Every structure is written in C-alpha cells, then in structure tokens.
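J.: As you go down the protein sequences, you meet chains A and B in turn.
So the first sequence is numbered by this note's numbering: it starts at 1 and just counts up by one.
So the second sequence is numbered by this note's numbering: it starts at 1 and just counts up by one.
Just to be clear, a hint being listed does not mean it is correct.
As the list claims (entries may be wrong) - Subject to a maximum C-alpha distance of 20 angstroms in a straight line, what follows is the list of computed EDC-like cross-link-like pairs (lysine to aspartate or glutamate): (1) Lys51/A x Glu69/B; (2) Lys482/A x Glu565/A; (3) Lys198/B x Asp33/A; (4) Lys230/A x Glu130/A; (5) Lys170/A x Asp159/A; (6) Lys46/A x Asp19/A; (7) Lys46/A x Glu69/B; (8) Lys200/B x Asp33/A.
Hints in this document: simulated from the structure, not taken from any laboratory.
Nothing here was measured: the structure is a model prediction, and the numbers come from that model.
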Amino acid sequence: MAEKDERSFCKALFEGKIDEELVFPYPHLTGEDAENLHLIIDSVGKFCRDKVHGEAIDKEKRIPEEVIGGLSELGLMGMIIPEAYSGFALTQRAYCRVIEELSCFNASVAVTVGGHQSIGFKGLLLFGTEEQKQKYLPRLATGEWMAAFCLTEPGAGSDAQGLKATAVRKGDHYLLNGSKQWVTNGGLADFFTVFAQTEVDVKGEKKKRVTAFMVTKEMAGITIGPEEKKMGIRGSSTTPVIFENVKVPVENLLGEEGNGFKVAMEVLNSGRLGLASGCVGAARTMIETSVAHAKEREQFGRPIAEFEMIQEKIARMVVNTYAMESATYMTAGLADRGDVDFSLESAISKVFSTDRVWEVINDALQIMGGNGYMEEYPHERFMRDARINMIFEGTNEILRLFIALAGLQGPGEKLKEVAQAIKDPLHNFGQLADYAVRKITSLAGDRISRADSLLEDEYRRVEEYARQLPDAAEKVIRRYRKKIVEKEFLLERIAEMVSDLYVMTCVISRVTSAIQEKGVDAAETEIHICKTFCNFAWRRIRRNNRMIDRNDDKILVDIAKSTLEKAAYPV
Amino acid sequence: MNIIVCMKQVPDTAARIKIKGDGKGIETSGVSYVVNPYDEYAVEEALRLKEKAGGEVVVISLGPDRATEAIRTCLAMGADRGVHLKDPSFEDADPFVTAQLLAKALSGMDYDLILCGKQAVDDNACFVGPALAEGLGIPQATVITKLTLAEDAKSVTVEREVEGGREVLQLPLPALVTAQKGLNEPRYASLPGIMKAKKKEIKVMDAAAVGVSGDDVKQKIETVSLSPAPERTAGKIIPGEPSEAVKELVRLLKEEAKAL
C-alpha cells in the first residue's frame, strides 16, 4: 500500500513520464464480472425505483427500516468483503458502480451504505488480523451490524494529527476517552473504527501517536449524541459519539500501535472513490430530469431544448459527467490491480467529481427554471445533498494540497540528491547519472502510443503538458525550497495541472476503447465529448502554468488581510 | 413438486421503441432487455411453492443469445436451472410456433405445474400460455391472482378476477396457469443469489435437440405492419374566470371530447 516502489501514474507525471501501461486499455469490467454487475445493477435499480423515495427520506430525515433491511437482504452491506467472511468480493469498480446507482436515487442511502463499507469497516478489511476479520466481518457483511468511522473531533478536522481523544493502556485493555463529531452512521452503528492518541515508545522516548481501535456498541461508556440538523443528506445519520472510559480490549487494536494515521489515510484513499462514483450517479439523474423538462417545457412557442443557451448547459453537463466517470472508474481499475499506488488518483477523482457534480446540478437546476427551485422537483434536494461532497472525507482544499505535495515529493527528493551530488561529483556520480538518465528518458520516450489516432490532437496535448509539469515542479521547488508547503496558490495550480492531465488521459483512454469496441460512428458523441473536455482542460493547464510566474496572488492576499483585520467587508 | 416457468425476455418497459424501416419489427440496437414483468410473478410464485413443497424450479425461455441474461436473472432470484431454446431457425417464431416449440421441448420433461406470465409486454399477444396448455393437453387457468397448492399436492386452487367479481377454480395437476399482477411481489435478485446463479446450469436446446425442423418452425402468423401510437397533441388552456372556465370545460368535454 503506497510503498515507495509502487508505480503511480500521477507521481510519474511529475517526472514527465506517462506510464501508459497503467491507463491503457481502459479498465472496463469484462466477462463474468461484467455480467454479474449487470444483474446487480438491474436489481438495485429495480429495488430503488420501488422502495427508495428520496423526497420522503429528505422530509422525514430518516431512511425507512424497510429500505435498510432490503439493502442488507440484497447483500449490499458486504459488497467488498471477501467470500471467506460471508461477503461478495466485488471489485472496486463494481462496488463504485453500485454506489453510483444508489446515488441516482438518493444520496442519503448511498452515504449510509458507503459510510458503512467505504470507511466504516474498511480499516478492519485492510489492516485487521485474521482473527479480527473472522470475528466481525461476517456480521458486518449481512448488515446485522452497521459500521462507522470516527476520526473527526470538534478540534480536529482536516488536521487529523491534532486529535484529542486518548487511549491509555491498562494491562489487557485500553481506556478510551474522547468526543468524535459528525460521525456518519453514528446513530445506526454497532461497530466503530476509532482513532485516538496513545503513548508510544520512539527510540526510548515516550511520544504521542495516533492509533486505530475497533470499538463495539456493547462496550460500556459509549454515548451517541443527537442527530445533527443538516443542509442535505438528511436521511443519513450524523451524530456525535462520545467515549467515556470505554474499556477496549488489547485485541481490538487495529494495525500497529502508533500506526493510526496510516490506517486513516489508507481507508480514506479508497473511500474517496465511493464518493466520486456517487457524484456520477447524481449527475446522471440531473441530466435525465432536466433534459426531459427541456423537451417538454415550451416558451416562445417551442420547447426550450431548442434554445442554444439550454443546449450549451446540456452539453456541459454531459462533458462534465463523462469526465468524472472516466476518472473515477479508471482509478477504481487501478485500485483493483492491487499493485499500484492510486492515492493521488483517488484524491483527484474525489476533488474533480465533487466540484463538477455541483456544476452539473447548477446547470440542471437552471434548465428547470423556477421549477428547479421548488421542493416538488428533485433538483434543490440534489443540490443540498451534493454540497457535503466538497467537505467530507477530506475537504477539497486539503486534498489539493495533498495532490501537489505528494507529487512534488519525487522531484523534491531528487533535487536534494542533486544538490548534494554537485558538491562531490565523483563520489556521487552514480546518483547523478541516474538522475540524468531519468531526465533523458522522460524527454525522449514519454509518448502516448496506445490512444486512437483520431484523438491525436488531444493526446499530443497530454504529452506536451506532461513535459512541462516537471519543469513547473522543479521551478517552484528551487524557488521556495522548504517554504513551498506554505505556497498554497502555487500548490493549488500544480494540483489542478496534474488533475487535468490525469482526467484528460482517462477520457482519451476510455474513448479509445469505445472506438475500438463500437467503431467510429457509434462512438461519435464520445469523440466529441473527449475533444471538448480536452480543449478546456489543456487551456486551463496552460493558464495555471503561466500563472506560476504571473499572477495576482499577492494582491489577493492583501485584500484578504485587510478584510480579516476589519473582520468585515473592508470597503 | 417440479415447476416449470416459461419466461420471455422483452425490451425494458422504459425503453423508447423505434420501428424498423420495413415496418414489421422494432430497432433492437441500444434497447435494453428485461424479464417480462408478468413472468416475474410466475417465477416468484414458483419459488414460493418450492419453498413450501420442495422440488425444482426450471426456467425455460426461447430467444436469441441475449436471453441468457434474463434466464440468469431468474436463476439469481432462486430458480434451480435454465433451459434456453436457441436456434437461428427460431428467430422469427411467432406466438403459435413458440407455443409449439415449448410444448415439444417440455414433452420430455417431468413437471407438475407450468407457470407463465399472462402476457408478454412487448407484443401483448396473451397467446403462448393457453396455446402451450393446449399443446400439452393439460388443464389451464389464466390471469390468476392467487394460487394455493392442495395438501396432497395433487391439485391447485386458483383465483381469477372476472368482471365485477372473483372466480375460484380447482385444477388437477399437471396444469398450466398464467400470472396476473397482484399474484405476489417478486423478490429482487440479491448478491448471494447472483453469485450462486453463476454455478447453475443453463441447458441450450437447438432445433435438433427440441426435435423440430422445416415446417415446424415456419411462421404461421405474419406481421403486416407496426405503427407507433399517435403523438400526444398539445393541451388546451381555457382562459377566463374560474366559473366561466369550468362552464367552457364542461361544454368541451361534452361536445368535443364526448367524454361526458
């Protein structure tokens, strides 16, 4: 898992390399997996059409028991659990597709199912011992037990290192104390993955380190607080969970003591994919409903679908949705390989999809006109439901920093080596040569050879900007050295550049597959989507690249500062 | 208790149907297919009977390659095995030929009860079930809303909705019944069911295996033409004060629409 020598498409991009083999051909499910998925999606869709009533769930602020029970019976609570523990061992791609389908109908339901397995028990699945898995997974797979992920605290959100909860070792158990907030599934869960500070020996010194625990509801000292009153996803349960002197047996330690931060990060890495796929589902529903309206609603004697400003919105929704979908399922495919680091790609999928679904919903609502603003139509609810996506499971801001900084690590390390090497050229010749070689291969060899020639303009752009990304990276590292971590304007631009490059590649790969499978004529719309998306994307990349040197960052900071000083509108 | 369910794969009821250029069939590209909804009631009823009385549920379907998927769906719901009647010469089978082919294929099988949907929602012929019962020479009851198996498992009692009332019939087994909406609420194929279905057998029978050739499969009923339902015309808005508008509405309903 994200070990050093694992391949990573986006990290390689920072070195100017396009690791084609990771992204071509597009990782569509095939054979039996595809057939099974088809049956599953049919069944889930049918169930949702019959039983999931989004408007009522939103109004009553709860999901009927019949629905949760029905989803459990369908087997949706144990999708990603191996068969040995009574689960169904679905691939990430299939799992994401189911979450997408649920999200077409209702975000609260998708968040409940996703919160359970994308994050709730994911730590156990990734880091649990055989014994721990045997003990808990079968009950979680059937939905007899629901799971929740307890990381966030009143004082620790994006800064997960600042946790206040503590667990003190007392013989055969730990004494757990702390308050968690905004816990998804808090009111439903029987199983909690909890993060708390423990004292760990680091080279003879006692240090505070985050550790992950599995806590179950029957342990004394757990209080579930009242349901939060939320803007959206109102049917899902979100509560505080308070732990007071909870005796957690030593065998409920998850992973190694002091390793909790890594557990949390790994869980969120794959959890984010579920979120991204949920955005695809919501976007599909928005397209369907607004397009139906545009064809029916007549103004000035004809359907509004005939007006270009409406058509523009329809096209934009489709392009955005296709791009989100392409990135999300490409990344899920990378996750399914099991041998690559997909942490940047999943963060990109989350940030990109959650930002774009907001635009899609905005476009759909606008097409609906006044109707879109009314509760009788689903659009205002979808908008409220979607807003959380940009905030939870890592705010889009913190994830952009992560994307940029994790990417810069590679070039950064090498610069240190190079700086050292220059002082003592002979002694460190090996390293220097290696660096030089890398430079040469990245300049000479990094081409895309597997994309369809119809998309040549597009993939040449990827090549062009993949060559510029390492230059941009090296430039900012040289300029700011260690201070680069504070330069968020620049980091955001770097994150945007690599995101656009990745999503372009995903779209090109998928459309290439479409051309091969269906032929050019049948893939025409997809080719158009690809061209449109790539045209917008490379222009954004070019602009972001230019703005590394020429920008208004300083003025913006000044405006912000004078506003902060007055703590009000400064003019 | 061995039960056979006859199932047809039909275009998704939500699919937009386009008529082919020759006016005698529909465009099939881009259309998604599902298990005929009335056949789902039949499958569900068969599964419930099996759960009570034991035995085996076999799903039989006549159709092209893609019909395998619909059979798989029924297996995922819980049916034990499938039989797929598939042969290039079956492609144009009309309801009459279909019933005859099914009768041929079933004549060698062991069954106590045959369940069909009351009609397939694509051609709405309501033909195959009754014709199959005739072909097999067994009693039948159509459009049933309730089915009870006798204690001795030698007969079934069924209820049918008839104009203004209800009819109760008893049939000795083996018999054939066709299912109406309301008979039950079909279950959803679950993940465990789908995983199990992978291991279940689907036996393919071609013309030779069914024991038919030439004239047996020749269309007896010819489709002369298909045409789409007329497009909905624009609605009419009646302006003016409500009391006036209502008068006008009543007049229009009486004189123009002749609805009153």
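J.: Give me the numbers of the hints this structure contradicts, sorted from smallest to largest.
T.: Violated hints: 1, 2, 4, 5, 6; rest satisfied.
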